[in-house]
Structure formats: structure tokens, C-alpha cells
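There are 2 protein chains.
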Amino acid sequence: MANMGLATATNNQVILRDYVSGFPKESDMYMAATTVDLSVPVGSMTVLVKNLYLSCDPRSRTRMGKPDPSSPASLAHAYAIGKPITGFGVCKTIDSGHPNFKTGDLLWGRVGWEEYSLITPTLSSHFKIHHTDVPLSYYTGLLGITGLTAYVGFYEICSSKKGETVFVSAASGAVGQLVGQFAKMSGCYVVGSASSKEKVDLLKTKFGYDEAFNYKEEHDLSAALKRCFPEGIDIYFENVGGKMLDAVLQNMRTNGRIAVCGMISQYNLEEPEGLRNITNIYHKRIRVQGFAAIECFDRYSKFLEFVLPYIRQGKITYIEDIAQGLENGPSALIGLFHGKNVGKQLVAVAPE
Amino acid sequence: MANMGLATATNNQVILRDYVSGFPKESDMYMAATTVDLSVPVGSMTVLVKNLYLSCDPRSRTRMGKPDPSSPASLAHAYAIGKPITGFGVCKTIDSGHPNFKTGDLLWGRVGWEEYSLITPTLSSHFKIHHTDVPLSYYTGLLGITGLTAYVGFYEICSSKKGETVFVSAASGAVGQLVGQFAKMSGCYVVGSASSKEKVDLLKTKFGYDEAFNYKEEHDLSAALKRCFPEGIDIYFENVGGKMLDAVLQNMRTNGRIAVCGMISQYNLEEPEGLRNITNIYHKRIRVQGFAAIECFDRYSKFLEFVLPYIRQGKITYIEDIAQGLENGPSALIGLFHGKNVGKQLVAVAPE
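Chain order of the listed sequences is A and B.
Going by the UniProt record's numbering, the residue at position 153 of the first sequence is 153; the numbering climbs one at a time, nothing skipped.
Going by the UniProt record's numbering, the residue at position 339 of the second sequence is 339; the numbering climbs one at a time, nothing skipped.
These are computed hints drawn from the structure, not numbers from a lab.
Since this is a predicted model, take the numbers as computed values, not measurements.
Be aware that one or more of the hints could be misleading.
What the hints assert, rightly or not - Ranges between beta-carbon positions, derived for each pair:
hint, chain 1, residue 1, chain 2, residue 2, range
1, B, 208, A, 271, 32 to 42 Å
2, A, 155, B, 184, 35 to 45 Å
3, B, 340, A, 124, 30 to 40 Å
4, B, 77, A, 128, 34 to 44 Å
5, A, 66, B, 155, 36 to 46 Å
To be verified - If you want the ones that stay clear, here's a sample from chain B, every Cβ over 10 Å from chain A, calculated:
hint, residue
6, 9
7, 28
8, 272
9, 273
10, 280
11, 320
Stated by the list, open to error - Derived pair list, reagent style BS3-like, types lysine-lysine, alpha-carbon separation capped at 27 Å:
hint, chain 1, residue 1, chain 2, residue 2
12, A, 243, B, 284
13, B, 161, B, 284
14, B, 243, A, 66
15, B, 284, A, 83
Glycine included, C-beta positions come from ideal geometry on N, C-alpha and C.
In isolation and in its complexed conformation, chain A is listed as follows (with noise of 0.2 Å):
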């Protein structure tokens, strides 16, 4: 039931300075001291929540562009100056005026980058989390859009058989962590590359990975990957684009398949490299699969039968990279761009 709203609090949160062009800084965005009711406005279906993590995600610098004002979809994915950045986070109910939230049920899904969020849930936008055996902070990740980002990509668009070869870009960050973790449980032979040589070691010590690289020490990706692939690669589970692309493209078999997650590498460029090697698209008879949890959560519920008694044997290892507090969440962000987060970027905003 809504209260009546005579309390308030202060509301800290993250606001879009501006439009971001090349790499974004912490001064694209400032803290900004806001007051929030706290209780929902009577009648309506809204749910205000308290924010307990943030999700640190690539794709929020696609939202941070001047959006193109003839396209209604660039509109829409953009962020707007002057108002918080927005993402998925794990939050607790304060007051609710939906039926299907009463206060202090915990859910997952997408909130402001603020203390306080007035939500308006959908059955594709908030989840209510039923499983608290396991750590909270795992609803950003593991356990939100992250996890379900690896499962969509590797079982559905990857369609592995045991055996196969599988490369991994950005092999320790969130989703990569996982990826490499479903092609071992798959019988496929391994691959990633990081941008550190903790991150490599990382890769092969704690999350199974047959082998790994340094890209930031490989003068020709290509060679780096005819060495780790002398066969060829099956499949590419993509999150960087740009050279990486190209040189497995080089190196990919016939009837390859790539499932292009996220393109890091490029979203911060005013001008994308040029890739020289799609014409390996036809040679090869790759299929190369751009694809979105976010359009994927009726998958969801099968993913947590998947995913919940793995976390619960201890059988997948899952490194989280948490910054403290919300001031800090602007430069974890701008962190995923240079490679400082291992394992999992989140932002803790307050005490569980």
C-alpha cells in the first residue's frame, strides 16, 4: 500500500553532464544532491526503491552519444543531459504501489545511478529475487544481464559441439569470466585474451581457460592466434570488434560462428577501424550473430534452474570488481574502457 508521503531523504546521484564524444571522463558526469519522496505518489503502480548495487555495463557509452534526432531507437537508447544515468542494479523496496512489489522484497533490473529510484516495473524490466543463499551483489552480474548474456550467447547463438575450438575477447571481464567457464563444461578447447598479464594468468589459473594471451603484447594478433589455433577457431564469442575482429576472421574454419556480444573497443572511437577481412564471411560460411540479453528474459527463469545449483556447488568461479560507493561508480565506468576492472565492474551504494 502507497503511504501517505510526508518523509523525504536525499537522493544523490549521477547525472549526464553532457554528451560524450572519444573516451568518456569523469567530469562527462557529476554528483548532484536531489531530494525523493519517500513513498510512491498514491494510486499509482510505481515502486520506489533503494539502490544496493550497480551494474558497471560497456554499453552505457552507447547511451552517452548525441543521439541521431531522426532516429526514434537512437533516441530512445540515449541518455539525457541533466538527468542520472540509468542501468541494472539490485535495489530493495521502500513503498510500492504495484501489486506484484511489497516493501522491502528485493529485485534486479533497471534503476537510476541514484540512491532512491521510482520505478514502474514490467515483466521485462524488474525482477523479483527469490534466491538469497547466494550473494546479492550476483543479481548485477552473474545472475542478472551478465549471466544471462553468457547463456543466450554461448548455448543459443554459439551452437558449440564438443570438441570445438572457442576464442574469447576480453576473456576475465564479466561475461568472458563465464564464457570460457560453458565452453569447458561444453568439452570445446579454450582460448582468451585480456590486456594484462594478471588478468592472462587470471584466465588459465581460476577460470579453466586452456590458454591465454596478452593482446597488448602481441605485436600481430593474427600470429597470436595461429599459435593458440593452429587448426582454426570455431567459434569467436566477441565483446571488443575492431583489429581483434579482423584478425580472427583470418583465422576462423569453415562454418564458423560468431556471437558478437559488445564491440568495447570501438565505441569510444569518433572514426571505426576498418575491417579488411569480411570477405572471410563468404569464403568461410561464417555466421557472425549480434545479439542482446536485454531481448532475451524469457530465458530467464531457465538460466537460473541452470546457472543456481553450478554457483551452489562452487562449480563456476566468478570474480566481482566492487567500488564503494556511488560516488565512486563514474570512474569504475570509465574504468571498463581501460581495461582497470578484473572480473566484474559493480558499484556497492549502500549496506545489504
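Here the structure of chain A is known, so what remains is to put chain B in place on it, guided by the hints.
Coordinates of chain B only, in the frame set by chain A:
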């Protein structure tokens, strides 16, 4: 039954002089008169055929370049210097050691560019011709690889829905003319590009395209596509690659599909053009699928069942561009890369 092999005949052949780089020229091939036994070796499973029609395919260009010696696939794909080039043709059995073919049988499949070929039939390389109430030359195209390409490409790879928008490049070519008609039969809006006013007129007046443009007269391909598809493109049937593909990627709709049948604009370039709009695959969740009909012969009989009634009822328009005489084969083949052909280019080698 194999004859005893006394009779011989002159066998004119089109020989590859040297590996080709850049645009192929007539001088890259030469005619040679050899001698052929008019009977198959005793005890062999081979078939001696007289070639009636040869198909000119852009794909041949990909076999004329110097192979990569480290790649078994590349070595197997490449033509051999000093040997006849090969392709698909329609032919008549002169002598046979194979139980499935007897003297006089008509067939289509892989043959050399020569008057007579000694072939070793397999289930996926040579097909007996059972229906002769349609022009025999059609088995180089509409009833052969070309038709199967359009069929598999459009009906399987594109997964079209009624009302979707379809763009076809090289639309008046062998495959394009059919894809446009299949798209119209499926209730789609279909636009084609071609290289001359004559072809553009054909697209609209003969092949049922809703709209068409001459890409050579457009300064801005993306703007041309925007003009024809103000709401964007759901399906692109890709025959050309390069700049056109880059412009299409800018104009694709979310969840669009690109069937990559060929990239003829790129085969003769020393260095392929760089594509800058690849990130759209991610942003718009596009599926890009390379395919080759030569891997789809298991659908050939189903395809024949589908297409023969349309041909007999005059419901499919099919234009052939027939060069007369094997000696005119090289220039006909090379003409493909300069857009000289109107419709399916083939070579008539001998009278039926």
C-alpha cells in the same frame, strides 16, 4: 559398359596461364587443343561427358589466385596452373563406367572448361537431368547452383516474413533476379541495385522489383538506401560486399538479416576495402550468414519440386546471357567483374 577405347577426338580446353592478382584478363587463360579418348578407362567408375553449356560464376575468381601453401583448404580450392579451369556445366554422357549413368544421359555438375570431361560422379557433384521439358541451359543456373543459391539463401538464411523490406545487390545478375521474385512471392517489399540504366529498367519491368537504382550514379549509397528504405532494411541479400555492405549496415533495422552469397566487388582487389560500420551488427543485433549452395545439395530435390511448377506456369522470369563457343568463355567470365552480363552468364559449348 566401357568401350575398348580406340576412337579419340580433339578436346579444346581453357587453361589457366598463371595465378591471377587484380582483375582477371583474357590473357590469364589460353585455349589449348588436346586429344581425348572417347571411352572411359576399362574398369573405371568414370564418365566421359560432352559439355553443352558452362556456367560463369564470380566464385571462379576466388579460385584463380595464388593459394596459401599452409592451408589445405586454400590449396584444394585453387585452380592449377596449366590445367583447365573448372566449374558447373550441363553435359551429355558419351561413355560411362558408372552404374548410374549410361550413354546419352544428360547431367549437370562439376566439369572442366573443355569440350569433353572425364568425371568421377558423386552424389554431391553430378546430377542426372530428369526434366527436359524446360530449357537444358537452365541447369547451369535457375535449375542448378544459381537457383539453389537463391532458394537456400532467401528461404533459409533470410527467414523473411511477409511485409519485410528486402534489398538485393547485383539484382539483375544470375541469383539476384531470382531472389527479387522469391521476395515478391513472399509478400516483401524489394529493392535492387545494378550497374546500368538498362538493368535498373529490367529490375522494375521484368523481375518485379518495387524499386531499383544504379549504384554507379549514386554519390552516397547510404542516402540512396535511405531514400528507398525510409524505415530501414530487414533483409539484405549480399552479392557485392565493400562500400555497398558498409552503406547497408548503416540502414539495417534491428534484428535484420544479411545473407552473404558473394562479395564480387572485393575479389579483384589487392587489399579489400575497409568496412567502418561493422559495430551495427552489435547495435542492431544483426545476423550475417555466409553460405554456399555447394554445401546444400541435400535440398536440391526439394528445390526442384518447388521451382519447376513455377517455371512451367511461366511464373518465373529468367534471363540468360549466352556466349557462343568455348573460345568466348574467358571474356564472358571476365565480363562478370565488369557488370557486362545481363542475367545469368553462360557459355554454349556445343549444340544440344
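Hints, verified against the model:
no., hint, result
1, B:208 <-> A:271: 32 to 42 Å, "holds (39 Å)"
2, A:155 <-> B:184: 35 to 45 Å, "holds (37 Å)"
3, B:340 <-> A:124: 30 to 40 Å, "violated (53 Å)"
4, B:77 <-> A:128: 34 to 44 Å, "violated (55 Å)"
5, A:66 <-> B:155: 36 to 46 Å, "holds (40 Å)"
6, 9, "holds (37 Å)"
7, 28, "holds (20 Å)"
8, 272, "violated (5 Å)"
9, 273, "violated (8 Å)"
10, 280, "violated (8 Å)"
11, 320, "holds (25 Å)"
12, A:243 <-> B:284, "holds (20 Å)"
13, B:161 <-> B:284, "holds (18 Å)"
14, B:243 <-> A:66, "holds (25 Å)"
15, B:284 <-> A:83, "holds (25 Å)"
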